[in-house]
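Protein sequences, first through last, are from chains A and B. For any residue, its number in my numbering is found by taking its place in the first sequence, counting from 1, and adding 2. For any residue, its number in my numbering is found by taking its place in the second sequence, counting from 1, and adding 27.
What the hints contain is simulated information worked out from the structure, not anything from laboratory work. As the structure is a computational prediction, the values presented were derived from the model and not from experiment. Think of the CB as a built atom: it goes at the ideal place given N, C-alpha and C, for glycine as much as any other residue. There could be a bad hint or two in this list.
[Stated by the list, open to error] Beyond 10 Å from chain A on every Cβ pair, some chain B residues (computed): (1) Val76; (2) Ala99; (3) Ala128; (4) Ala134; (5) Val206; (6) Ala234; (7) Ala235; (8) Ile367; (9) Gly414; (10) Ser489.
[Stated by the list, open to error] To give an idea of the chain B side of the interface with chain A (calculated C-beta under 8 Å), a few residues: (11) Gly410; (12) Arg422; (13) Leu481.
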Amino acid sequence: MADHFWISHFLWLVPVVPLLAAGMLSVSGNSRRNRAVILTLGAQILSFILASLLFITVIRAQGGTEEVVRLAVNFTWFEFGDTALRLGLLLDPLNAAMLVMVTFIGLLICIFSVGYMSRDPNFTRFFAFLSLFSAAMLGLLVSNSLLLLFICWELVGLASYLLIGFWYQKPSAAAAAQKAFITTRIGDLGFFLGMIWLYRETGTLLFYDGGAGLLEQAALHGLATGTTIGGLALSTATALLLFCGAMGKSGQFPLHVWLPDAMEGPTPVSALIHAATMVAAGVFLVARAFPLFAATAGPDTVATALIAVTWVGAFTALFAACIAVAQTDIKRILAYSTVSQLGFMMIALGVGGVAAAIFHLIAHAFFKALLFLGAGSVIHGCHDEQDIRKMGGLRRFMPATFATYAIGMMALAGFPFFFSGFWSKEEILHLAQGWPASPIPFYLALAGTFLTAFYMTRQMVYVFFGNYRADQASSEKASESRPHESPPIMTVPLTVLAAGAVLLGLVATPAWPWFHHFIEGGAATLEFGKLFTAGTLGLMLLSIVLVAAGVGAAWFLYARTSLGTAERDPLERKRPGLYRALAQRLYVDEFYDATVIRFHHAAGRAADALDRFVWHGLVMAVSGFSVLLSRASQAVDRRFFNRGFDTGCETLRTSGGRVSRWHTGNIQTYLAYIGAGLVLLIVFFAWIQQA
Amino acid sequence: MTHFPLLSLLIVIPLAGAVVTALTPSTRAGLGRQVALGFSFVSLALALVLWIRFDSATGTMQLVERFSWIPALNADYHLGLDGLSLLLVLLTGIITPFALAAPAPAARNRNIYFALVLALQGMVFGAFLSLNFIQWFLFWELSLIPAFLLIRLWGGPVRSAAAYQFFVYTLAGSIAMLVGFLAIFLATGLFDFIALAELGRNGELTAALGDRFSFNMAPETLGLLVAGGIFLGLAVKVPVFPFHTWLPEAYTQAPTGVSMILTGLLSKMGVYGFLRILLPIFPEQVQAMQTPLLLLAVATIVFSALAALAQTDLKRILAYSSINHLGYCLLGIFAVATVIDPGAGNNSGREAALSGVFLQVFNHGLTAAALFCFVGLIEARSGGLRGLDDFGGLRKVAPVLCGLMGISLFSSLGLPGLNGFVGEFLIFKGTFALTGWAAVLALPGLLITAVFLLRILNRVFSGPLNANWTGLPDLSFRERMTVAPAVALMFFIGIYPAPLLELFNQTVIVTIQLLP
């Protein structure tokens with residue numbers, strides 16, 4: 003088998019190639035546009051080719067065996083004391099599949115950006131940041147060390163910060179970037195703590211290390227049996243801390259607030275980072291550390307950490323879907339949809355389906371990138387308009403965008419049979435249904451499915467059907483402001499992504515669960531009979547009915563009335579209170595403003611006041627007291643002791659006058675004296691030394 | 028003494044440079060700075076020579092120079108170099124030319140300014156190399172004089188108050204320390220750090236204090252009192268909460284180059300004192316008081332971060348940020364004092380914490396100095412304005428300045444890939460293994476630091492360009508050359524810290540072995 007692995011020597015190149023591109027671009031001037039495009043695309047293509055080769059290698063090495071191929075290369079970063087701190091790279095089916103997805107979608111989005119960003123003055127810097135992001139994300143995927151993963155994790159956060167705030171002149175963009183960084187860092191503190199805790203308990207941060215790694219039997223057994231405060235197993239406590247990081251990055255409630263705001267960044271960034279790849283990092287982390295999450299002392303219990311993951315995921319899936327129903331910004335709807343879909347992935351992980359989660363992640367990456375780029379095309383075509391109430395009827399102006407967007411929408415909503423989203427969601431629902439701990443997450447997920455179909459139909463109706471509404475608002479230059487179709491450099495990537503969103507479904511149907519076996523080992527066989535087993539068929543019918551109900555309800559509500567900025571939303575007419583609460587995103591941001599942020603500012607002012615008044619005050623009191631004492635003693639001296647000395651002092655003063663001629667007041671002269679004195683002293687001591 | 032006295036030479040060069048610079052005619056503009064820079068580069072070269080000559084495979088003192096100096100006090104002229112000293116010598120060698128090249132006050136007598144900076148460098152070198160209390164204390168105290176004059180003569184509008192407060196506060200701390208050492212001398216007849224560490228380790232120091240003084244106190248109480256006096260002197264210097272109120276004033280009022288030296292080097296003298304004196308000589312006392320000391324470290328971290336949040340002056344923010352970062356050093360140092368069960372035989376936690384402290388000392392010196400330099404560069408362009416809200420959108424007109432300062436800010440908040448992260452990771456790793464609760468309590472500091480540092484990026488660099496600064500020039504070539512080495516080092520240490528760790532690794536191991 004070893005001969006398959008020559009390619010693994012090139013594993014490190016996958017992240018390093020885009021990193022080099024980023025480095026070269028960041029020191030080159032803004033005028034070198036062509037070079038920026040060539041460097042970025044070249045690096046992306048090279049990474050993609052390498053990733054594909056690695057993927058094929060893993061498939062061939064696995065060859066339908068039960069065993070999961072896992073290849074780790076570890077090295078020492080530095081040594082402290084007697085300990086070597088080791089990092090490593092890893093190749094296994096999980097990250098091989100992810101590598102292909104990230105490089106492929108990254109490449110398409112870079113191509114799209116060449117068109118989308120063509121008029122931006124900071125074109126070069128944009129591609130530098132995009133390359134930095136790719137490098138960090140790919141590094142995160144290939145790391146075999148929790149520490150290296152954390153390092154790349156933070157760099158992904160940095161790239162996200164830079165790209166959200168790319169249009170830094172907009173205060174809202176700068177604020178959104180800061181919010182993203184800080185919110186995810188709150189989660190990252192948990193991650194950090196979990197990491198140093200694991201390090202303390204196991205003495206290693208490598209995932210796989212020939213039996214001595216963190217995720218291997220010996221370490222897991224120790225963690226699952228050891229307990230900490232509150233009777234919590236060590237594995238549970240540390241897994242939950244790592245999950246805090248995942249919640250921040252993957253926008254899970256209550257740390258989801260940054261993700262919708264992140265839509266301030268350029269649309270390709272939203273597509274790449276805040277839909278397809280970066281937000282998936284949290285899901286990937288849980289998938290990577292899944293043995294830790296699942297570790298239990300006894301054989302028949304459900305791990306506590308996984309229960310938490312499931313509940314957080316289920317709640318987020320429904321919660322975000324509700325909010326998406328009442329948004330009017332085309333990108334924000336998609337953003338909340340992303341939060342909701344990430345919740346579905348977390349459910350999958352929580353109920354034990356790593357393959358299901360990763361498959362949904364990859365499928366979602368395709369159709370969400372497609373939807374975002376489609377939205378970008380719409381925004382581009384409508385002259386930077388993002389309010390869906392001012393759109394309408396775009397299917398006539400932008401046929402290519404409409405067709406591809408419709409495919410993305412149907413994949414996301416879970417239209418049956420021909421779309422990857424249907425199969426991936428189906429598998430998650432199937433697993434959730436069989437979860438022994440509680441049936442409720444399954445029902446929450448079903449509700450989420452219904453709402454997804456509902457809000458996506460609503461958006462489609464607003465954007466592509468009916469009449470174009472911006473004309474009514476500003477009719478004076480109607481001909482110029484007509485929406486237009488985007489150039490091929492933008493529509494071609496859309497088409498490719500649409501094809502992916504459809505075809506990908508073929509590799510993970512119950513009839514041929516190839517992907518499942520690729521991730522978890524074992525051979526896939528083609529059996530159409532599996533489609534018609536009672537459990538599978540019943541659930542499929544149920545979810546088809548739910549999707550149909552969602553689409554039907556939205557169509558019924560929105561397609562038959564007039565829409566627009568002037569009009570109230572049809573749902574608002576029916577349930578104004580509920581709609582307003584949802585439109586205000588259920589007041590989570592307001593809640594944080596009123597509690598966490600206010601507390602923060604108050605604590606800052608309190609610490610400042612403590613310094614200025616208490617500590618500084620004490621110092622001043624002490625010094626004031628000393629001054630008072632010295633004044634008193636001066637007074638005593640003058641009154642009682644000085645009189646007699648005065649005459650004596652007079653003599654001193656005259657002689658002092660002579661000496662004072664040396665005091666020229668010229669600092670150079672003084673320093674010359676000092677220098678001379680120093681030399682004399684040195685000579686003196688040297689002389690003493692001799693003696 | 029058989030070898031060439033390299034260490035003495037290292038102290039003498041900057042002092043000689045100070046004299047030469049002061050005597051340089053001020054008629055030709057810029058000549059004084061060039062002379063001073065020349066001398067500081069010679070010092071840097073010599074520091075690098077020391078690094079090459081240094082044998083990192085042993086943890087003992089090297090290149091030792093020792094001869095009798097004041098026999099009556101049993102005080103030798105005693106210089107030596109171990110990994111800790113070398114690290115700080117290198118830092119001093121790097122920071123001084125950096126500070127000299129930074130924007131200098133445009134007043135008369137600039138040559139004296141440069142000369143005093145060099146004199147300060149000489150004192151700092153002396154303090155990092157001396158192994159005898161009297162000698163060390165002389166350098167420690169003498170360093171105050173140029174620092175005082177630099178603040179007093181070339182500082183901002185309220186320089187006088189700031190300078191006096193700085194001087195008197197530090198001096199008061201030093202007196203407490205001096206009294207402590209006098210007690211030790213009276214009890215043991217020793218001033219030598221290494222010999223005293225030996226006594227401290229065996230518990231003989233406490234016994235000797237008990238024999239010499241009675242005061243109706245137990246020897247342990249006496250030991251604590253003496254250690255407390257020394258702690259006070261060091262605590263003011265670092266500073267440790269709540270002895271830090273002089274610092275924001277002094278850092279804010281000092282001219283840019285001096286702020287850089289204050290934060291980059293003088294604060295390190297305090298940390299150095301903790302590592303060279305308090306921890307080795309008073310391990311029992313530090314262990315006895317470990318919980319309150321750790322609480323002080325946590326308070327230093329959290330309160331200074333919070334206070335930074337409430338500031339609107341860039342220099343004040345950085346000053347509080349500086350206290351915050353030194354708090355991590357203290358956290359690591361006090362955690363190292365944890366009593367380890369000898370049966371466990373695993374020193375990995377202590378080694379991590381101490382290595383982290385060493386790294387943090389270097390990294391903070393570099394990053395904080397760079398940040399003060401950047402603020403100085405902004406001030407030089409804005410005519411002295413440096414409020415958080417005086418700017419906005421500077422990225423548009425000065426992308427290089429903002430980019431490089433942005434990197435330094437991220438280095439300061441501990442972004443992986445830059446230097447700050449490695450030290451903080453090791454400190455937290457070690458502290459968590461030794462005293463988990465203190466690490467957890469200090470953790471919010473990392474978050475608040477990110478908040479106030481990002482706020483600088485947000486308010487100063489982002490947003491619409493402030494109409495006052497449409498003509499603000501970007502960094503000139505000379506200015507880029509000033510900051511580029513520091514930024515390059517941030518990347519280098521962040522990606523490949525092994526050379527730096529290797530330099531002091533044996534010192535870390537030996538220091539820990541000598542702890543009870």
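task = Return the numbers of the hints above that this structure violates; sort them in rising order.
result = Of the numbered hints, 10 and 11 do not hold.
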